[in-house]
Amino acid sequence: MGVGALSVWEQSSTARVMAPARPRKLAKVPFVELADGRLQGVVSSGSDIGRVYVSSVAARSYAFACSTNNNRPCGGARGMFCKHIQALVAEAVLQYGAERVARGLAVDPPDGEPDAQSLTAAMTATRPVKDDSSAAAQVFSRFLRHLAYLELAPVTSPLPEMQWFPPTRAVA
Amino acid sequence: MRGDLLADPVEGLDEALAAVDAFDGALVAGLLRPGAAQAAAVAGLAEAVAGTPLAARVAEAAERAAAGAAGEDHFVALAAARSALLGSVHDALAQRIDEAVGRPAPGVESSPVVAGEKSAPTAAGPEHGANLLAAARSWLCDLARSGWRGIDHELVSGAAPVVSAMLPDPGLRRRATLLDGFAAELAASCPGATLERVPVRRWADLWSRGLLLTVPGSAGERSDGSVTGRLLPLGVDVQEHATAVQAQVHAVFEPADGGAPRLVRAGVSAPKPDTVVGAGLWQLLRPRMSLLGAVSEGRSMELDAMPVTAEGDLVWDDERARAGEPADPFATARVRLSAATAAPVAPLDRHPVRIAVPVLLEGYAAHSEEGGLAFDLAGRPLAVDTDRIPAAGPLTPEAVAASHACVGLLRWDAGEFLLQPLAVETTVRKKTVAVHAGAWAGGTTDKAGVRAEKAATDAVAVLRERAGRLLRK
Ligand SMILES: [Zn+2]
Numbered sequence: 001m002g003v004g005a006l007s008v009w010e011q012s013s014t015a016r017v018m019a020p021a022r023p024r025k026l027a028k029v030p031f032v033e034l035a036d037g038r039l040q041g042v043v044s045s046g047s048d049i050g051r052v053y054v055s056s057v058a059a060r061s062y063a064f065a066c067s068t069n070n071n072r073p074c075g076g077a078r079g080m081f082c083k084h085i086q087a088l089v090a091e092a093v094l095q096y097g098a099e100r101v102a103r104g105l106a107v108d109p110p111d112g113e114p115d116a117q118s119l120t121a122a123m124t125a126t127r128p129v130k131d132d133s134s135a136a137a138q139v140f141s142r143f144l145r146h147l148a149y150l151e152l153a154p155v156t157s158p159l160p161e162m163q164w165f166p167p168t169r170a171v172a
Numbered sequence: 001m002r003g004d005l006l007a008d009p010v011e012g013l014d015e016a017l018a019a020v021d022a023f024d025g026a027l028v029a030g031l032l033r034p035g036a037a038q039a040a041a042v043a044g045l046a047e048a049v050a051g052t053p054l055a056a057r058v059a060e061a062a063e064r065a066a067a068g069a070a071g072e073d074h075f076v077a078l079a080a081a082r083s084a085l086l087g088s089v090h091d092a093l094a095q096r097i098d099e100a101v102g103r104p105a106p107g108v109e110s111s112p113v114v115a116g117e118k119s120a121p122t123a124a125g126p127e128h129g130a131n132l133l134a135a136a137r138s139w140l141c142d143l144a145r146s147g148w149r150g151i152d153h154e155l156v157s158g159a160a161p162v163v164s165a166m167l168p169d170p171g172l173r174r175r176a177t178l179l180d181g182f183a184a185e186l187a188a189s190c191p192g193a194t195l196e197r198v199p200v201r202r203w204a205d206l207w208s209r210g211l212l213l214t215v216p217g218s219a220g221e222r223s224d225g226s227v228t229g230r231l232l233p234l235g236v237d238v239q240e241h242a243t244a245v246q247a248q249v250h251a252v253f254e255p256a257d258g259g260a261p262r263l264v265r266a267g268v269s270a271p272k273p274d275t276v277v278g279a280g281l282w283q284l285l286r287p288r289m290s291l292l293g294a295v296s297e298g299r300s301m302e303l304d305a306m307p308v309t310a311e312g313d314l315v316w317d318d319e320r321a322r323a324g325e326p327a328d329p330f331a332t333a334r335v336r337l338s339a340a341t342a343a344p345v346a347p348l349d350r351h352p353v354r355i356a357v358p359v360l361l362e363g364y365a366a367h368s369e370e371g372g373l374a375f376d377l378a379g380r381p382l383a384v385d386t387d388r389i390p391a392a393g394p395l396t397p398e399a400v401a402a403s404h405a406c407v408g409l410l411r412w413d414a415g416e417f418l419l420q421p422l423a424v425e426t427t428v429r430k431k432t433v434a435v436h437a438g439a440w441a442g443g444t445t446d447k448a449g450v451r452a453e454k455a456a457t458d459a460v461a462v463l464r465e466r467a468g469r470l471l472r473k
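One line per chain: the protein sequences are W and F, in this order.
Residues in the first sequence are numbered from 1 upward in steps of one, following our numbering.
Residues in the second sequence are numbered from 1 upward in steps of one, following our numbering.
Watch out, some of these pointers could steer you wrong.
So these bits of chain F aren't anywhere near chain W, every CB distance computed over 10 Å [what the hints assert, rightly or not]:
no. : residue
1   : G51
2   : D91
3   : T426
4   : A456
Quick look at which bits of chain F chain W covers, simulated, 3 or more residues with Cβ under 8 Å [said to hold, decoys possible]:
no. : region
5   : 201-207
6   : 240-253
Quick caveat, the hints were computed from the structure, so don't treat them as lab data.
A quick note: this is a predicted structure, and the numbers were derived from the prediction, not measured.
Beta carbons are placed, not taken as given, at the ideal position from N, Cα and C, and that holds for glycine.
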C-alpha cells in the first residue's frame with residue numbers, strides 16, 4: 001500500500017484541500033458554486049429587487065441555462081450566454097480564481113493566464129447549446145440552503161473537530 | 001524550552017503510524033472489493049491493537065473487511081482501532097511536550113482509556129437525532145466501500161440532507177460541522193478517479209472521527225462544574241472551513257479561591273455561508289462572546305460561576321463575565337504560564353491534531369528558508385506554521401520572522417512539531433511592540449482592518465437582504 005512512501009502532504013492531518021473563497025462584492029451575484037458538474041448560481045435582477053435569475057453552465061459541454069426563480073426563461077439566453085451567465089462566470093473567477101473555474105468547467109483557455117473573458121470566449125467558441133434539463137429548482141434550493149446558514153446561532157460549546165480545519169493565508 | 005527534546009525521535013511512533021498509514025491506504029481504493037494488500041492492511045490494524053480491550057471486535061471486523069463484507073459495526077470497530085493507535089501517538093507526543101516545556105503534568109491523572117471503548121459518561125437516556133446519526137453512519141460506510149478514488153457527486157451529495165437536518169440542533173452541531181466540512185472537500189475533489197493526489201491521512205481522520213461520533217453518547221462534553229476567578233488571555237486560535245468558523249481563546253485562569261492557575265480555552269463557533277470570510281468571521285462570532293472584545297482591548301475578564309468542561313473548555317456565557325483590568329498576554333506568559341496546569345484530554349479527543357500547547361519562546365534566531373520559517377532553539381530548528389495566522393488581523397509572517405519573543409501554540413503534524421504564532425514582540429525604533437493575531441477579534445481602528453470590516457458588513461447585508469426577501473416565500 002505504499003507504506004512509508006507517503007508525502008508530507010499525504011501524511012498531514014491538516015492538509016489544505018480547498019482554498020477559501022476570496023472576498024468579493026455579492027450584490028450582483030449573491031451565490032455561485034462549482035457543484036454537480038456545473039458552474040451554477042444566482043444573479044440578482046437589475047430591475048426588480050424581488051427577482052433573481054438562476055443560471056448554470058455545464059462542465060465540458062458548456063450547455064447553459066438561465067431562468068427566473070419563478071421558472072420563466074431568461075429572454076437573453078436563447079442562443080448564447082446571456083448577461084447573467086457572463087456575470088456568473090466573472091464572479092466565479094473572483095471567488096475561486098480563474099484556474100479553479102477552468103478546471104471545474106473543463107475549459108482549456110488559450111495560452112496565458114486565464115481570466116473571465118478568455119474563459120467565456122473559449123466556451124462560446126464551441127457554440128454550446130441550451131440545457132433543457134434545467135436544474136434551476138435544485139440550484140435555487142441550494143441557494144436558500146446557503147442563505148439559511150446565516151440564521152443559525154453561534155454556540156460556545158467546544159467543537160474539537162474544528163482542529164482539523166486550520167485557516168490558510170493562501171488564496172485560490 | 002528544550003528544543004532538543006522536540007527534535008529527538010519518539011519511541012514507538014513510527015510503528016504506530018505505519019499501521020495507521022497502511023489502513024489509510026486501504027481507504028484510498030475502498031473496501032468494496034479489497035485486494036491482498038488491503039486485506040493485509042486491515043489485518044495489520046487489528047494486530048496493532050491486539051493487546052487492548054478492542055482486540056476481539058477489531059479482529060472480527062478486519063476479517064469481514066478483508067472479505068469485502070464489512071457491516072456498519074465493523075467499520076466503527078476499525079475506526080475505533082485507528083483512533084486508539086492515534087490516541088497512543090497523541091499521548092507520547094503530549095508527554096514529550098510536557099518534558100520539553102517543563103510544564104506540570106495534567107491536573108487529573110489521565111486513565112489509559114482506549115478510544116472507542118465505552119467511557120460511558122452519558123450512556124443513559126436515548127440521544128435525540130438517532131435517525132440522523134444512523135444516516136450519517138450509513139453515508140460514511142458507503143464512503144469506506146467506494147474509497148477516495150471512487151467518490152462521485154452522487155455519493156458525496158448524500159451528506160447534504162443529513163447536515164441540513166443536524167445543523168439547527170445545537171446538540172448535533174459538532175457532528176454537522178465535521179460532516180459539512182468533510183463533504184465539501186470531497187465534493188470539490190470529485191470525481192475521485194482523476195484526483196492528482198489524495199490527502200490520505202486527513203480524510204481517514206475525518207472519516208473515522210465522523211464514524212465514531214455516530215455512536216450515541218460520543219459527543220457529550222463532560223461538565224466539570226463552574227469556575228470563579230480571573231481570566232488572562234494569551235491569544236486567539238481561529239479554525240475555519242467553507243461553512244463554519246471557530247475562534248478559541250487560550251488563557252490562564254486564576255481561581256478566586258487562590259488555587260493553582262489553570263490553562264483553559266474559551267471557544268465560540270458559527271456556521272456561515274462560504275462567502276463570509278476574513279473580518280466577516282469576527283463579525284459573526286463577536287456578538288456571542290464578550291471575551292473577543294476583551295482580547296482586542298488587552299484586558300483580563302472576571303468570571304463568576306462560568307461553566308467549564310472536564311477538558312478545560314469554558315462554555316462561555318456573557319452573563320457570567322465582566323471586563324477586568326488591563327492584562328498583557330506577554331506578561332501573563334512570562335509570569336503565569338509555566339505554573340499553569342492543563343486539563344486532561346477526553347479519550348475521543350486524543351489525536352495529534354488536538355495538540356495545541358501554549359508556550360512562550362524568547363531568545364531564538366529566526367531563519368527563513370525555502371519559503372518556510374523556523375526558530376532556532378539552541379541549535380535545533382522548530383518549524384513555524386505561519387499559514388495558520390488568520391488573514392483578518394495585524395500579525396504577518398514578516399512580523400513573525402522579525403520577532404524576538406513569541407507566544408504560540410506548540411503543535412504536531414506530519415511527523416514534526418510546529419509552532420503556531422499567536423502573538424510576537426518585535427523591536428520598532430528601539431521600542432518593543434507586540435502584535436497579536438487576534439487583535440481584530442473585537443473590532444479595530446486599523447486602516448486595513450476597517451476596510452476589511454466594511455467589506456464584510458456589506459457582504460452579510462446583501463445576503464441578509466436576499467434571505468429576507470427569498471427565504472420565507
Ligand atoms: Zn439570463
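- prompt: Among the hints numbered above, which are violated by the structure, and what are their numbers in rising order?
  reply: Hint 4 alone not satisfied by this model.
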